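Colleague: Protein sequence lines, in the order shown, are assigned to chains U and C. The UniProt record's numbering numbers the first residue of the first sequence as 1 and each following residue consecutively. The UniProt record's numbering numbers the first residue of the second sequence as 1 and each following residue consecutively.
Bear in mind the hints are in silico, worked out from the structure with no lab data behind them. Hints are not guaranteed to be accurate.
One copy or two, either will do: identical chains are not told apart, so a pair holds if it fits within one copy or between any two.
Only pairs whose alpha carbons sit at most 27 Å apart, straight line, appear in this in silico DSSO-like list of lysine-lysine [unchecked claim]: (1) K455 <-> K439; (2) K347 <-> K229; (3) K272 <-> K347; (4) K356 <-> K272; (5) K167 <-> K336.
Bear in mind that the values here come from a model prediction, so they are computed numbers and not experimental data.
Protein chains: 2
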Amino acid sequence: MQAWKDYQAQHKDRFLNELLDLLRIPSVSARSEHKPDMIRCAEAVKARLTEAGATKVEIYPTEGHPVVYAEQITDASLPTVLVYGHYDVQPPDPLELWHSGPFEPVIKDGKIFARGACDDKGQFYMHVKAFETMVRTNSLPVNIKFLIEGEEEIGSQHLGNFVQAHKDLLKADVVLISDTAMLSLENPSLDIGVRGLSYIEVEVTGPNRDLHSGVYGGAVANPITILAKMIASLHDENNHITIPGFYNDVLEVPAAERAELGKAPYNEAEYKTDLGVEALWGEKGYTTNERTGIRPTLEVNGIWGGYTGEGAKTVLPSKAFAKISCRLVPNQQHEKMTELVINHLQKIAPAYVTVKATPHHGGDPYLTPINTVEFQAASKAIATTFGKAPIPVRGGGSIPITALFESALGCKTVFLGFGLDSDNLHSPNEKFDVANFYKGIETIPYFHQYYAELKQ
Amino acid sequence: MQAWKDYQAQHKDRFLNELLDLLRIPSVSARSEHKPDMIRCAEAVKARLTEAGATKVEIYPTEGHPVVYAEQITDASLPTVLVYGHYDVQPPDPLELWHSGPFEPVIKDGKIFARGACDDKGQFYMHVKAFETMVRTNSLPVNIKFLIEGEEEIGSQHLGNFVQAHKDLLKADVVLISDTAMLSLENPSLDIGVRGLSYIEVEVTGPNRDLHSGVYGGAVANPITILAKMIASLHDENNHITIPGFYNDVLEVPAAERAELGKAPYNEAEYKTDLGVEALWGEKGYTTNERTGIRPTLEVNGIWGGYTGEGAKTVLPSKAFAKISCRLVPNQQHEKMTELVINHLQKIAPAYVTVKATPHHGGDPYLTPINTVEFQAASKAIATTFGKAPIPVRGGGSIPITALFESALGCKTVFLGFGLDSDNLHSPNEKFDVANFYKGIETIPYFHQYYAELKQ
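Kindly produce the complete structure, drawing on both the sequences and the hints.
Modeller: So, in structure tokens, the structure goes:
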């Protein structure tokens, strides 16, 4: 549509500057000291949605961080699209590895560097600007609703209750999310699903106090050593996960689909060079794309215990800790898997120590098959603005709330992601390419148009 | 000697208050921000030695923290005792586990609670007060020298050079150290030696940046998992250390000596209750006392990597770290052992990661056999004030400088320790029993007297 193109060309710089302002708010949901920033960020999102043309915009408090809701209902006979995104971000640590402040966005070599640039402020904001484009050019082909939450990075703890309590408000025909990546602008791809997540924290306690490692070392189990042995035992020599029953519910992907997924461009030498590793690691019998897409994994996200400061301290600590998460694939259920992992850790704990394992958060895996109207509308939109149809892929990340949308609202979710794997999500120097930001704003209106057409 | 007893009874409270003042100085040698406190502490030690009656007292700067030297040379024909101690302390972390401030000493149930109460301010200060007792009662039976350093807790990094450069100044017939423990006031014991130490830090690097554990998890080696596997592999199922050659230089202790050491009172049930553990851990084929006395050990003193803050972060970190130390027994040499451990860690590192291992500090093990004049003088002193001869034991801790004293000064070291294993050395709530402090001050003059007699 020429009108869209013209409007976007005219407001290009403003779109970008508004995003930079949003990125300046340190909305770290995991840290209680950022509670005021979370509220400030929710208010900013509300203001931007109002300016963009939403007729009803509201902040809903939850027991955690607030949810921002907005809508523009044009015609009850049109299909309704619910855009979901999140304004919260991951903690920025380790701070010393950032080249510029995580909350002082800079544009360098065509990339926006800031925490949340891609995940997910930059991506949900494309929807706000695509919406503005359609409203201001009087060409909104659907009814649209926005649900922008503040707890995605901590497992959408209170969104489930919110969705259950507001089923009518949120009623929609499809959920649209931009919180994933594509292969590249040259090789656009479209996720047919995301993995689920099970996240736990483990505390291993040995002696009841820190001990002198000379006086007691060798005679009392060191909880760090025991935790290391427990972690080491979780993968066998083929890097299969050893927890009994871990793979029981995994729906094997048919050979034909594996072959289709295998067509995604992948260059092992480039992949290794980008990561700076000599050798790749992973479950025997699967390719890299399969390991990150169709297989469940178990990763240690953090470990700590004993003396971790400058210099040396000869302590045999009382406790050691780890944060461990599993990515899940259909049909693994996160609650069942969390219980399985916790029970296993407690079972393998030797009598020398006590192990306390507690769940952090989780979410079920989710799929939107290629043959659905929802997937096809997205695929067509990408084909229109990129000049080539997207490659269907399986996303490795997790968006815990998608399974709930399906059960509570009865509609499928489309993962229309414009990030790149190299965007350093959850890492220092997170970035989002300016070109991807604009490409997203350009593509999104076509999704709405094609979806409205396909639904007629 | 009644004169000693009377003097000490008269000045009892002052002795204790002076120690409390010394404990208020946070002389943490491992932390650069405490450099001014280290200087302040050295000056306080100098002032106390001067007041106690030393005729020459001097602070010697080193490339690290300063050394305090003092002497009282009465008669060139008398033997000379060099008292060694240290005014630096271990870092107080984890602070939240202290019941009172680590540098705000309190006396509760007859115990002095403070970092350094036992290790080693409380113990070296017994010598200052014992010296004062002998000087003020005109009964010093030996020439006495003090060498109180500020880097024991970080491996006496610069004391070696200092000793080599001041051999004449430090010339002595015996070195006397109170920096170890005895079994109890009811069952006094005397260390015939201390273990050596080898301390290294390991850095495992996987990918060149922190990664999103969903996008990359399962396809790239996680350095925490690899470090855990490396640590797990260092002990076999019998808790023997698996590093090839680790035990090569261990001088097996003869059955007769093991039998003698086995006479030390030990109650496994009490030991477990005190530590709050259900089961003990250790090298198969050895008793608890042997595991902490005559056998070398390997302990992880600290581990960290990834996200360790509040909440959850789904990161696959770039790096993981550990601090690992070994306790050594005769005839293991710390430099050789450090190299052996570092080489082994590099050898077992898989191609997925790079491993950097660097030495922190170390020291050789040391023995002063029962049949030496030095041991006998100490044994007799304890027998006099405790009413029973001490049980000879092997100390589990390390005093890295002792081997150097023997090689540079040509004299043996006596470990006249008055601490208890339960003193929480290197842990929160370090304490020193007031009774042990006074018992040490009472006993030390007898060591000097008996040593002078035995040397005649």
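Colleague: Against this structure, judge whether each hint is valid.
Modeller: Hints, one by one, checked against the model:
Proximity of K455 to K439 under the C-alpha cut-off of 27 Å is restricted to the intra-copy arrangement: shortest distance 25 Å within a copy versus 91 Å between copies. Taking the shortest Cα distances, K347 and K229 sit within 27 Å of each other both inside one copy (13 Å) and across copies (19 Å). In the homo-oligomer, the alpha carbons of K272 and K347 lie at most 27 Å apart only across protomers (22 Å), although the nearest pairing inside one protomer, at 37 Å, exceeds that limit. Proximity of K356 to K272 under the C-alpha cut-off of 27 Å is restricted to the inter-copy arrangement: shortest distance 20 Å between copies versus 37 Å within a copy.
When the C-alpha separation of K167 and K336 is checked against a cutoff of 27 Å, the pair qualifies only within one copy, where the shortest distance is 26 Å, while the shortest distance between copies is 70 Å.
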